[in-house]
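Chemist: To convert a position in the sequence shown, counted from 1, into the numbering used here, add 54.
Mixed in with the good hints there might be a few duds.
Derived pair list, reagent style SDA-like, types lysine to any residue, alpha-carbon separation capped at 25 Å [what the hints assert, rightly or not]:
| # | residue 1 | residue 2 |
| --- | --- | --- |
| 1 | 212 | 230 |
| 2 | 212 | 276 |
| 3 | 241 | 150 |
| 4 | 76 | 99 |
| 5 | 76 | 138 |
Honestly, the hints are just simulated from the structure, not real lab data.
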Amino acid sequence: MSLDTAVVLAGGEGRRLRPLTKNRPKPMLPAGNRPILEHVLDTLVDAGIGRIVLVVGYKRDRVQEHFGPSYRDVPIEYAVQEKELGSGHALLQAREYVDESMLVLNGDRVIDSGIVTDVADMFADRAEPTLAVMEHPEAHAFGAVRLDGDRVEELVEKPLAGEYRLINAGVYAFTPDIFDGLAETPKREGELDLTAAITRRIDAGRPVWGVRTDGLWADATFPWDLLSITRSVLHTDRVTEPESDETLHVAPSAIVHPDATLRAPLVVGPDCEVGPNAVVGPDSALGRNVTVGANATVERSVLDADTRVGPGSTLVECVTGEDVNLGANTTVPGGPADVALDDRVYRDQQLGAVFADRVDARGGVTAEPGSLVGPNATLGTGVHVRGRIDEDSEVVR
Numbered sequence: 055m056s057l058d059t060a061v062v063l064a065g066g067e068g069r070r071l072r073p074l075t076k077n078r079p080k081p082m083l084p085a086g087n088r089p090i091l092e093h094v095l096d097t098l099v100d101a102g103i104g105r106i107v108l109v110v111g112y113k114r115d116r117v118q119e120h121f122g123p124s125y126r127d128v129p130i131e132y133a134v135q136e137k138e139l140g141s142g143h144a145l146l147q148a149r150e151y152v153d154e155s156m157l158v159l160n161g162d163r164v165i166d167s168g169i170v171t172d173v174a175d176m177f178a179d180r181a182e183p184t185l186a187v188m189e190h191p192e193a194h195a196f197g198a199v200r201l202d203g204d205r206v207e208e209l210v211e212k213p214l215a216g217e218y219r220l221i222n223a224g225v226y227a228f229t230p231d232i233f234d235g236l237a238e239t240p241k242r243e244g245e246l247d248l249t250a251a252i253t254r255r256i257d258a259g260r261p262v263w264g265v266r267t268d269g270l271w272a273d274a275t276f277p278w279d280l281l282s283i284t285r286s287v288l289h290t291d292r293v294t295e296p297e298s299d300e301t302l303h304v305a306p307s308a309i310v311h312p313d314a315t316l317r318a319p320l321v322v323g324p325d326c327e328v329g330p331n332a333v334v335g336p337d338s339a340l341g342r343n344v345t346v347g348a349n350a351t352v353e354r355s356v357l358d359a360d361t362r363v364g365p366g367s368t369l370v371e372c373v374t375g376e377d378v379n380l381g382a383n384t385t386v387p388g389g390p391a392d393v394a395l396d397d398r399v400y401r402d403q404q405l406g407a408v409f410a411d412r413v414d415a416r417g418g419v420t421a422e423p424g425s426l427v428g429p430n431a432t433l434g435t436g437v438h439v440r441g442r443i444d445e446d447s448e449v450v451r
């Protein structure tokens, strides 16, 4: 692998992940108990990348303050996308930072380093645009690829379900002339997509190469994806700060009562506290400084930093933001659920409830499957939650 520079597109809000992205960009949401973007950078460092350019935009301070000038001794530079005008526009913002061939990938997917090296190796042979291609059972959800041997014949934006099985995995290698190609590509509905520039090249008869690859590839598009991406991370042992065995990770500073039960796969982050007779796991992640009270149960859930789970609570397939308080005897029974996002209802999703940053549930609250509670909402004692609760709302019985 000869490529040394990677450009990571990390400026998106992630509208379909609201209300969790109210205060931070999508790549900073948790996969396990670490931001998705941290896993992406691990992948690049493990693949031998020596320089990273992060394209940031929405709530960019959250990214810059977390990572600073370097990550694992690899220098980071920041290019700013002031407005979300498409992935191609995002990459163009890195033009003044990059004058050599580069890897380009999204900052909101957890992937194996092998996917990166597969792309880099084919690019080393061809020195022409190269992208990762993977088999996926839901190609219609991600955008399909049609290959002729190793040559990309077509990128299909919105394929019909079952029509294709190969997807564009969102990992690319380009020479610097990609910037000229992007600048010459017409915008569509005010946005410039990277795939539009690639399609323009294909239509002109110029080669674009696809390398078939496999391995971990976990995408976060919807709130329930944070549960599945965490499960993928835990089952592939990509958690840092390991203690115990390969599927049970407890930070040294965590306090776990001897009468508590931890069920792997599970990660318990720094400064957490798990009370007596609590049951935590499997397929769960506790971020920094999370408290799980006595006799509480947490299963298949992702609890972000500073979440408090009161005694006697039961959380199944629950996602919390930061600084959430769930009082005693909070009950989230888990999915499946019909979840309403924007103007669409997504049927039969495995989601208990989402409590965004600084929600305060004051005890005895029950949340029906698929409930979404916005930031700073207050739920009074004994409230029954159903559907969406708006930001800053106060709900009483």
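Chemist: Are the hints correct? Go through all of them and say.
Modeler: Hints versus structure:
1. 212 / 230: Violated, at about 28 Å.
2. 212 / 276: Status holds; Cα separation ~18 Å.
3. 241 / 150: Distance of about 21 Å is within 25 Å: holds.
4. 76 / 99: violated (29 Å)
5. 76 / 138: Measuring from Cα to Cα gives roughly 15 Å; hence the hint holds.
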